[in-house]
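Read top to bottom, the protein sequences are chains G and P.
All letters in the first sequence, in the order written, are residues 20 to 128 by the working numbering.
All letters in the second sequence, in the order written, are residues 34 to 716 by the working numbering.
Calculated from the structure, these hints are not laboratory results.
Since the structure is predicted, the reported quantities are computational estimates derived from the model, not experimental observations.
Treat each hint with caution, since some may be false.
Keeping only pairs whose Cα atoms sit at most 25 Å apart, straight-line, the calculated DSS-like set for lysine-lysine is [claimed, not checked]: (1) G:79 <-> P:390; (2) P:326 <-> G:80; (3) P:40 <-> P:711; (4) P:462 <-> G:101; (5) P:326 <-> G:79; (6) G:80 <-> P:392; (7) P:42 <-> P:146; (8) P:37 <-> P:711; (9) P:392 <-> P:146; (10) P:597 <-> P:658; (11) P:711 <-> P:146; (12) P:146 <-> P:390; (13) G:79 <-> P:234; (14) P:658 <-> P:611; (15) P:390 <-> P:42; (16) G:79 <-> P:392; (17) P:390 <-> G:80.
Stretch-level coverage of chain P by chain G, calculated; a stretch enters the list once three of its residues show a Cβ under 8 Å from a Cβ in chain G [what the hints assert, rightly or not]: (18) 312-324; (19) 344-354.
For glycine and all other residues, C-beta sits at the position ideal for the given N, C-alpha and C.
Each chain, letter by letter, is given below.
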Amino acid sequence: MKDLVNLIKRELAKSENQIVIDAVIATIAFCVCLYTGWGLIRSSIVAFLAFHFISPIPSKKLASWAFGVFVVMALTLAMGRKEFAEIFSQAAFAMLIVAVLTYFVRHDN
Amino acid sequence: MITKPTKLKLAALGAFAVVYIIVFWATRSGVGNNWDWIFPYFKGYAPELFWKDISSWSDVGLGAAQSYAPSVLYQFLLLPFYYLPLQPEYIIFLLLVVSFSLGSFLVFWRLNKRVNNISALLIGLAVFINPAIFYKLLAGHLVYIGAYIAYVGLVFYLLDYYRPTVRSSLTLGLLFALSAVQAQFLVFSLITVVLFFLLHKQLFSLRLFALSMLVVALIHLYWVSNFLLGSVSVSEVGKLAQDSTFSQLERTSFFNIFRLTFSDATFISRFYSRFAQFAGLALTGLMLVLLAKKNSDQKQPGFFYGQWVVFVIIAAGAYRDFAVPVVSKIYPLLREAGHAAPLVIFSLLLAVVFAAKSKIAIGASQLAVALVLAFSLVTFTSSLPLVDYQKAREELSQYNAVSDNSTYRVITYPFYNQYTFRSQPQNVKQGTPMSNTGWDSFTIFLGREYIDNSTSNTGVQNQLLDSYDLSALEPYNVKYIYDLSGVYRSSADKFLPLSQYSLDKIKKNNDISFIEKLIERNPGGLYKISDNIYAVSNYRPRIDMAAGKFWRTSRTEYLVQPDKLAGGKITLRSTFHKGWELSIEPRADLSCNVVSEGNVTECLGTNFNKNKASSKTVLSHIKDKDGLNVWLLDPSQVGSQYQYRISFQPDAMHRIALMVSLTTLLSVATLTILVSRKKHDAQ
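The following block holds chain G by itself, in its conformation from the complex:
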């Protein structure tokens, strides 16, 4: 099983788009945790751990994703769709937590 995972990882890495792998890993980790009822904060921490140990994404990149989601949140808020704005605001903040935690641990850019 472990070998299989390593193989998949290596294969995916060959795509020369590490960012995509990072995004997939983080999103899966976050969504699974959230779905199992772990709550926003715990899910963010797991996503962070996933990033820290698996994905070498710079915090800067995470922050730009957070900003992207933040813009979507602002748009849904402007349209008066508070229920969607709520979800996007949680997602943006979760990404931001990961970005700041990553920054704190790695002191990277």
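For this one, chain G is given, so just place chain P on it according to the hints.
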């Protein structure tokens, strides 16, 4: 010779003072009577803000051991203001202008070396003129403002001056302690200090950190000692805090924080338009952009980004998802999510100003801050909860007529805060009063003990409203009823659910003929002293027995000389507490200047320690059905050769703790000032 930088600082201080005089100009006729605002209407009573909470025993309601009083330190520091020979409304006006100007100047002074002057000026203002601080002023959380200024000082001290030395640790402890005048800052400041040391590990020393925390503990010993000595329990206070909470207070959505409106309980969204909220959103968005574009100089914005994330979690109430053992005990302390709001904005502003390096980024940050500031300036100048103090004095002066110096309580009608002045305007938004609905700042500063009319204390008030039976007052040492129904209307119906406060009660509680009905139902039970003040005929004294005399020697001690004790019984008509002790000593010949006559006579006198026994015979006591203190003496302990001293035992340790706190505060403050002056001279 005044140097150019000094001139700039003086000009900035002057500019801030002018801005705040304009911003708070409308408050010179009075601000308050809303939410938690408590300030006296009459001249000379402001020092009571400090003195009323200094004792180990609080007189509010039926009395209670003093528990949770970190704000006493704040009131102590403001005593010079309170003793100014000015009407209270001018004292508040001055206090607001001075504290806000100094706060803004502090921010400007520390920023103008790092960023350009316009950014420093804008941030200096925006740290204190923003939606979260508006909410604090709306709610009357003046102590919070004081704590916040100290907190800002703490942050800049860490960034600019902190070194791993004993002196630095003492100063850090002092600033931490000053910020903790608002108890939530015990947590907030700790978070800030921990984050700082995480980023500056080379500056951390466990020994020095422990020294800083020791200074904090010693400065706050005067109230922490009440918990350490067991006068009050943490779980009781926590439960009380938890009981007075509600979901809108504890939690909010992240997008409400991003647009700077925070929890619904802050009411910010009712004052800030959609455009203002989008300005807040733009500022938060800008912070994200700057985080994504950050350059190599990262420590300072990183520190503020970290703080922002933590304070957003607290402001959203998201930490409640974790039931962490031990830590969850402090959750009730943080129940009001709005307490973290000013720190969210502070961290946001500082993160933005430190992260903006390019010309475009600086311009964008100035524009976003200026927008938030402009909307807030409009709100501050137009929507603070004003109340006309002069008019309040004209209406309330009639109640200062009683000159009875004995020990008693008064009860005021209508019951249950919040109170609205009938003759003054009220700002109502979406059915909720936004001004002129607050605590009864008249009775609190009456200089008399009073039955607590807060909505959580509904016992005797409910009995009176239900039955019109004056005997309900008998156990509680109530001597006078003040009929304030012509002045105040109770607005409790706006805040209490109908399950607690029925329509029938609402009607009865705002009935201007309520006292007439009481008189009618209780013939001879009340007699008129003056317009709207009534004496209760069946009044029972504070120290009760079959016959005898007593002296109240202090707030926490009574001396009793019985002529007769029915069943050997002595009652102290205050809330039962195990700290009240009765000791027996030989009877002394004391002077008696009678202040209240009856079977039990109350005297004023002197020389109370004449026969005070060095080794005491202490008797235990019980709680009676009304929750009061009762001592049952056996026949060998009763006789004309004895007198009894009833005292609140935690008081002795409380006084020692007060001295320790004061000594630590003054010595550390003096040391800090001397060292900083020496450094300044050396430069």
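Each hint, compared with the structure:
no.	hint	verdict
1	G:79 <-> P:390	holds, 16 Å
2	P:326 <-> G:80	holds, 9 Å
3	P:40 <-> P:711	holds, 22 Å
4	P:462 <-> G:101	holds, 22 Å
5	P:326 <-> G:79	holds, 7 Å
6	G:80 <-> P:392	holds, 22 Å
7	P:42 <-> P:146	holds, 11 Å
8	P:37 <-> P:711	holds, 22 Å
9	P:392 <-> P:146	holds, 17 Å
10	P:597 <-> P:658	holds, 23 Å
11	P:711 <-> P:146	holds, 22 Å
12	P:146 <-> P:390	holds, 14 Å
13	G:79 <-> P:234	holds, 23 Å
14	P:658 <-> P:611	holds, 16 Å
15	P:390 <-> P:42	holds, 23 Å
16	G:79 <-> P:392	holds, 20 Å
17	P:390 <-> G:80	holds, 19 Å
18	312-324	holds (count 6)
19	344-354	holds (count 5)
In this structure, none of the earlier numbered hints is contradicted; all agree with it.
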